[in-house]
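> These are the residues of each chain, in order.
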Amino acid sequence: MTFSDDTKKEILRGMLVPLALVAQATIAPLVSLYGVQPSLFLVVFVLFCLRTGALPAVWMGFFCGMALDTYSIGTVGAFSVALTIVGFSIGQLHERRVHLGYPLRVSLLGLAALLHDVIWHLVSRHGLGHLPGFVLRVALPSTLYTMLIGAIVFALRPPRPTARNW
Amino acid sequence: MILLRWLAGLAFRGRELVSLLVFVGFGMWISSQSPQTQSHLRIALTGSVLFPVQAIVSKVVFRRGLQAELDRLRTENVKLQQDKAVLLQLGDFQTSLREFEGIRGNLRHPVVGARLVSRDPLRLGGLWIVDVGSDSGVKEGMAVLSSTGLVGRVLSSSNTHAKVQSLADPDCRVAVLSTRSMNPGILHSIDGSGVFVEFSVTSDIKTGDTLMTWGAGGIFPRGIPVGQVGSIRKTPANVLRTASVAPFQDPWSVNAVFVLLRPPSLRVMSDSFLSTVPGKSEVRR
Chain V
1 MTFSDDTKKE
11 ILRGMLVPLA
21 LVAQATIAPL
31 VSLYGVQPSL
41 FLVVFVLFCL
51 RTGALPAVWM
61 GFFCGMALDT
71 YSIGTVGAFS
81 VALTIVGFSI
91 GQLHERRVHL
101 GYPLRVSLLG
111 LAALLHDVIW
121 HLVSRHGLGH
131 LPGFVLRVAL
141 PSTLYTMLIG
151 AIVFALRPPR
161 PTARNW
Chain S
1001 MILLRWLAGL
1011 AFRGRELVSL
1021 LVFVGFGMWI
1031 SSQSPQTQSH
1041 LRIALTGSVL
1051 FPVQAIVSKV
1061 VFRRGLQAEL
1071 DRLRTENVKL
1081 QQDKAVLLQL
1091 GDFQTSLREF
1101 EGIRGNLRHP
1111 VVGARLVSRD
1121 PLRLGGLWIV
1131 DVGSDSGVKE
1141 GMAVLSSTGL
1151 VGRVLSSSNT
1161 HAKVQSLADP
1171 DCRVAVLSTR
1181 SMNPGILHSI
1191 DGSGVFVEFS
1201 VTSDIKTGDT
1211 LMTWGAGGIF
1221 PRGIPVGQVG
1231 SIRKTPANVL
1241 RTASVAPFQD
1251 PWSVNAVFVL
1261 LRPPSLRVMS
1271 DSFLSTVPGK
1281 SEVRR
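In order, the protein sequence lines correspond to chains V and S.
Start counting the first sequence at 1; every next residue gets the next number (our numbering).
Start counting the second sequence at 1001; every next residue gets the next number (our numbering).
Treat the hints with caution; some may be incorrect.
What the hints assert, rightly or not - If you anchor each label on the Cβ, the simulated ranges turn out as follows: (1) L30(V) with A1068(S): 14 to 24 Å; (2) F1026(S) with L30(V): 49 to 59 Å; (3) M1028(S) with P18(V): 18 to 28 Å; (4) R1013(S) with L140(V): 30 to 40 Å; (5) S4(V) with A1068(S): 41 to 51 Å; (6) I1043(S) with R125(V): 20 to 30 Å; (7) R1005(S) with P132(V): 43 to 53 Å; (8) G133(V) with P1052(S): 34 to 44 Å; (9) A1068(S) with Q92(V): 42 to 52 Å; (10) M1001(S) with H126(V): 40 to 50 Å; (11) W1029(S) with Q92(V): 19 to 29 Å; (12) S1058(S) with Q92(V): 33 to 43 Å; (13) L104(V) with W1006(S): 33 to 43 Å.
To be clear, the hints were calculated from the coordinates, so they are not data collected in a lab.
Every residue, glycine too, gets a C-beta built ideally from N, C-alpha and C.
Construct all of the structure, not just a fragment, from the sequences and the given hints.
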């Protein structure tokens, strides 16, 4: 069975996201600052969503989220719902349709991280009253750290110069 | 049928949205379930869809556990080895104590047990440090014994430790007697590698004789077994004879000793003190 170069790239891209999940579980705690961990997984996942579009992003988000739900202590379904919605949302900005510059990509990553944390908090039923505190104390620092990491990664992996099929 | 086909076409065209709705719906449904149901789902997922992941995770966890266990066992092993070494030393000491109990009744003075802390390498191992001192009543000039025989004498003592001169020290001289003929000799070690007895040609000391302390010097009480006479050779002047002695207590292997708490009956002077006294070049020990 032979694969074309594009297919190989797609497969490799699909494998990178679960690998990022492993990195999130192993490397992220090592680079935490004052207890704030970056979401290495979201950085890779957002890149994946931009490259592949909404449908693969939704599926990838759901299954990775389910894996996270299975191995985390919290409510089952919280991660899967959050990542599915994030995947769908970011996937709408598929590279073939929209060209996003470097600053916009980093901002989008921040939005995605914030959206993910808010959805996770709500689905986990931690209470709407605690949401502002959670966002300020947990989600926002983590988002900023994730954006910093994302800024480095996105600089290493620039977007395609032109949007196709626009 | 037409309606179903239309719905399928619609779902295919909007498959992104359909996927989103299905997955979000499932996620919301499962998150609203009881913890037991969620736990069952976790078990089901790890046993089916996530089985490969679970297998890898289990293997990694197992290996890490094994590594941690190995590290713990290594640390424990080192500690056990240390404990074993200490226990072996204590065991040796206890054996010496038991053996010494047999001859303790023959001694008219109390004894204190001691362990060797170190040997002085510059003196060919002839000088030792033992772990008892003046706090235990150990003083300069006291005899040091083992369960099998004479070992040496105390040269000096601090509060908790004492320096012992063994029979293997080249500066050690002990007056001995043959238990058979009661003829005297001087026990010494030439270079720390062996023990010898020097005696006059008129002394009746033969190969196989057992030597014991004479008690003439005041340090060692009379009658402590020392060793057995080996081969005898003449000195060039044919005035003295020298015989090798096999000590009953090998001074190179002893680890536990006993200090006889008997002050020397004669004043024992150190060599350095003697050198300052005019006309005194040697001392009778």
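> All hints are to be evaluated individually against the structure, with a verdict given for each.
So, going through the hints one by one against the coordinates:
1. L30(V) with A1068(S): 14 to 24 Å: For A1068(S) against L30(V), whose Cβ atoms are near 18 Å apart, the range 14 to 24 Å holds.
2. F1026(S) with L30(V): 49 to 59 Å: violated, 33 Å
3. M1028(S) with P18(V): 18 to 28 Å: With a Cβ separation near 24 Å, M1028(S) and P18(V) satisfy 18 to 28 Å, so the hint holds.
4. R1013(S) with L140(V): 30 to 40 Å: 39 Å Cβ-Cβ, so the 30 to 40 Å window holds.
5. S4(V) with A1068(S): 41 to 51 Å: holds, 46 Å
6. I1043(S) with R125(V): 20 to 30 Å: holds, 22 Å
7. R1005(S) with P132(V): 43 to 53 Å: Since R1005(S) and P132(V) have Cβ atoms about 49 Å apart, the given range 43 to 53 Å holds.
8. G133(V) with P1052(S): 34 to 44 Å: Taking Cβ atoms as reference, G133(V) and P1052(S) lie about 39 Å apart, which means the hint holds.
9. A1068(S) with Q92(V): 42 to 52 Å: Holds: the Cβ-Cβ distance is about 46 Å, inside 42 to 52 Å.
10. M1001(S) with H126(V): 40 to 50 Å: holds, 47 Å
11. W1029(S) with Q92(V): 19 to 29 Å: holds, 25 Å
12. S1058(S) with Q92(V): 33 to 43 Å: Holds, at about 38 Å.
13. L104(V) with W1006(S): 33 to 43 Å: Because 39 Å falls inside the window, the suggested range holds.
The structure does not agree with numbered hint 2 stated previously, though it agrees with all others.
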